[in-house]
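Asker: Sequence order for the protein chains is P and V.
For the working numbering, add 216 to where a residue sits in the first sequence, where the first one is 1.
For the working numbering, add 216 to where a residue sits in the second sequence, where the first one is 1.
Hints are not guaranteed to be accurate.
The list makes no distinction among identical chains, and a pair is therefore deemed to hold if it is satisfied within one copy or across any two copies.
[What the hints assert, rightly or not] Straight-line alpha carbon distances no greater than 25 Å define the calculated SDA-like cross-link-like pairs of lysine to any residue that follow:
(1) Lys274 x Val369
(2) Lys411 x His354
(3) Lys411 x Asp276
(4) Lys411 x Thr391
(5) Lys274 x Ala437
(6) Lys325 x Arg374
(7) Lys226 x Ala237
(8) Lys273 x His392
(9) Lys411 x Glu331
(10) Lys273 x Gln434
(11) Lys273 x Glu337
(12) Lys226 x Arg236
(13) Lys273 x Ala365
(14) Lys274 x His248
(15) Lys226 x Ala266
(16) Lys226 x Ala294
(17) Lys335 x Ala297
(18) Lys335 x Arg315
(19) Lys411 x Ala297
(20) Lys226 x Ser340
(21) Lys274 x Thr432
(22) Lys273 x Met436
(23) Lys273 x Glu351
(24) Lys325 x His392
(25) Lys335 x Asp358
(26) Lys325 x Glu263
(27) Lys335 x Asp231
By construction, these hints were calculated from the structure, which means they are not laboratory data.
Below are the chains, spelled out letter by letter.
There are 2 protein chains.
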Amino acid sequence: MQQASGHTLKAFDEDIERLRALISQMGGLAEHAIGEAMRCLIQRDTEGAARIVLDDKKLDALEIETERRAVQLIALRAPMAGDLRDVVAALKISGVVERIGDYAKNIAKRVPLLENAAKIEPISLLPEMARIATEMVHDVLDAFIERDAQAAVRVCERDQAVDDFYDSIFRTLLTHMMENPHNIGQSAHLLFVAKNLERVGDHATNIAEMVYYAATGQHMADRPGKSATAP
Amino acid sequence: MQQASGHTLKAFDEDIERLRALISQMGGLAEHAIGEAMRCLIQRDTEGAARIVLDDKKLDALEIETERRAVQLIALRAPMAGDLRDVVAALKISGVVERIGDYAKNIAKRVPLLENAAKIEPISLLPEMARIATEMVHDVLDAFIERDAQAAVRVCERDQAVDDFYDSIFRTLLTHMMENPHNIGQSAHLLFVAKNLERVGDHATNIAEMVYYAATGQHMADRPGKSATAP
Numbered sequence: 217m218q219q220a221s222g223h224t225l226k227a228f229d230e231d232i233e234r235l236r237a238l239i240s241q242m243g244g245l246a247e248h249a250i251g252e253a254m255r256c257l258i259q260r261d262t263e264g265a266a267r268i269v270l271d272d273k274k275l276d277a278l279e280i281e282t283e284r285r286a287v288q289l290i291a292l293r294a295p296m297a298g299d300l301r302d303v304v305a306a307l308k309i310s311g312v313v314e315r316i317g318d319y320a321k322n323i324a325k326r327v328p329l330l331e332n333a334a335k336i337e338p339i340s341l342l343p344e345m346a347r348i349a350t351e352m353v354h355d356v357l358d359a360f361i362e363r364d365a366q367a368a369v370r371v372c373e374r375d376q377a378v379d380d381f382y383d384s385i386f387r388t389l390l391t392h393m394m395e396n397p398h399n400i401g402q403s404a405h406l407l408f409v410a411k412n413l414e415r416v417g418d419h420a421t422n423i424a425e426m427v428y429y430a431a432t433g434q435h436m437a438d439r440p441g442k443s444a445t446a447p
Numbered sequence: 217m218q219q220a221s222g223h224t225l226k227a228f229d230e231d232i233e234r235l236r237a238l239i240s241q242m243g244g245l246a247e248h249a250i251g252e253a254m255r256c257l258i259q260r261d262t263e264g265a266a267r268i269v270l271d272d273k274k275l276d277a278l279e280i281e282t283e284r285r286a287v288q289l290i291a292l293r294a295p296m297a298g299d300l301r302d303v304v305a306a307l308k309i310s311g312v313v314e315r316i317g318d319y320a321k322n323i324a325k326r327v328p329l330l331e332n333a334a335k336i337e338p339i340s341l342l343p344e345m346a347r348i349a350t351e352m353v354h355d356v357l358d359a360f361i362e363r364d365a366q367a368a369v370r371v372c373e374r375d376q377a378v379d380d381f382y383d384s385i386f387r388t389l390l391t392h393m394m395e396n397p398h399n400i401g402q403s404a405h406l407l408f409v410a411k412n413l414e415r416v417g418d419h420a421t422n423i424a425e426m427v428y429y430a431a432t433g434q435h436m437a438d439r440p441g442k443s444a445t446a447p
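Use the sequences and the hints to build the structure in full.
Answerer: Below, the structure written as structure tokens:
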């Protein structure tokens, strides 16, 4: 905190806590949406999938609310240095969490197109891949709440596991496509589901970079565990 | 402009012009990268593709520079209302343009994997799809520079053409995969190239929404031409 006045300090703290709470709320919704999308995919629950698509509007509304409050906070409280970095991070992180929700929505939209997917073997790997990716999202948002730069670095280190899942699923799906050309449409949709989950992991590392910068004022260059993005 | 002082006004104007110039520069690099990625894909120019991947670092650096200047501008000039919306839009738009550059990089990374792709018919459709998507990016950044909300709405209306290209290429590639199972890996990579270009169009419409909000203070709800995102 830069302000000397106790009153201003308290007002800023309350405002930034409210921003952090909004980000937590968004993170909870995004994690739930990814988990639900996996459940609907495995159980072929098209009604549940339709609800995920509808519920995504809540994330959009919370992103707008976060931006409105962050901009108001900057305008009214004129935070400096670390406080300002925190507010800017909240603004940017809410945008990334909203995009993570979009991936859940995209997966949910494929559920009705995947009525025969249970027969395609790598589908059994997707929920575990999703679990790791959503855990990364959960932990990186905790790191933001705690302003814990080292926890953010540890989240990045786990992205390799998600990328490895993706590479394995990609190869298995191509083999499945060659052996089952009648099922190629289903396999193509599963390829995109796997890609969406891989992107969730990437977005968790993007948030980790924002958390690191907000907490330290330094960019997380050459962070440990940084891997080239799979094409 | 909210400030009464001519001196403050001039300083803010110079700062925001510098931000706009940075966004333009980023947009130019991103457009060039997409166009080059298409050229390398068609001409199987793996060296050119490697340069695109390297050049993406320029966009990353410009995004950091834009954020640094935007945050400094907010801290030093305390802009209000429309000016503040403009600065926040610049901050967010630079992040989206950086992601558009990432799509070019992702396409470029697939070039060495696509040595036989010239035989796959829909590859001839990709450059035209890329042209429409990059024109959208170009025009929406012009709309930001000009603070032209209506131009932003017109950009959104063109996203349907990109989505239609994607649907057509998706179907054609699936047919090609069924008929040429030995070529399935190449086709799968082209599916992702098409998806990346479809996402460039989506990102142009995301920027359009930011431009609209910055210029009007209203969210572009139920904008004309808004289409459900293809799964």
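Asker: Now look at each hint and say whether the structure bears it out.
Answerer: Here is how each hint holds up against the structure:
1. Lys274 x Val369: between (29 Å within a copy, 24 Å between copies)
2. Lys411 x His354: So Lys411 and His354 pass the 25 Å test inside one copy only (19 Å; across, 27 Å).
3. Lys411 x Asp276: For Lys411 and Asp276, the Cα distance is within 25 Å both inside one copy (22 Å) and across copies (23 Å).
4. Lys411 x Thr391: both (17 Å within a copy, 21 Å between copies)
5. Lys274 x Ala437: Answer is between: at 14 Å across copies they meet the 25 Å cutoff, but 34 Å inside does not.
6. Lys325 x Arg374: between (27 Å within a copy, 23 Å between copies)
7. Lys226 x Ala237: Result: close within a single copy only, 16 Å intra versus 38 Å inter.
8. Lys273 x His392: neither (36 Å within a copy, 37 Å between copies)
9. Lys411 x Glu331: Close inside one copy (19 Å) and across copies (22 Å); limit 25 Å.
10. Lys273 x Gln434: between (34 Å within a copy, 17 Å between copies)
11. Lys273 x Glu337: Answer is neither: 33 Å inside a copy and 38 Å across each miss the 25 Å cutoff.
12. Lys226 x Arg236: within (15 Å within a copy, 35 Å between copies)
13. Lys273 x Ala365: between (31 Å within a copy, 23 Å between copies)
14. Lys274 x His248: within (12 Å within a copy, 36 Å between copies)
15. Lys226 x Ala266: neither (43 Å within a copy, 52 Å between copies)
16. Lys226 x Ala294: both (14 Å within a copy, 21 Å between copies)
17. Lys335 x Ala297: neither (55 Å within a copy, 56 Å between copies)
18. Lys335 x Arg315: neither (30 Å within a copy, 35 Å between copies)
19. Lys411 x Ala297: neither (37 Å within a copy, 40 Å between copies)
20. Lys226 x Ser340: neither (50 Å within a copy, 61 Å between copies)
21. Lys274 x Thr432: So Lys274 and Thr432 pass the 25 Å test across copies only (23 Å; inside, 31 Å).
22. Lys273 x Met436: For Lys273 and Met436, the Cα distance is within 25 Å only across copies (14 Å; inside one copy 32 Å).
23. Lys273 x Glu351: within (23 Å within a copy, 29 Å between copies)
24. Lys325 x His392: Result: close both inside a copy and across copies, 22 Å intra and 24 Å inter.
25. Lys335 x Asp358: neither (37 Å within a copy, 49 Å between copies)
26. Lys325 x Glu263: Within one copy only: 11 Å inside a chain, 38 Å across chains, cut-off 25 Å.
27. Lys335 x Asp231: Answer is neither: 51 Å inside a copy and 58 Å across each miss the 25 Å cutoff.
Consistency note: the structure conflicts with the earlier hints numbered 8, 11, 15, 17, 18, 19, 20, 25, 27.
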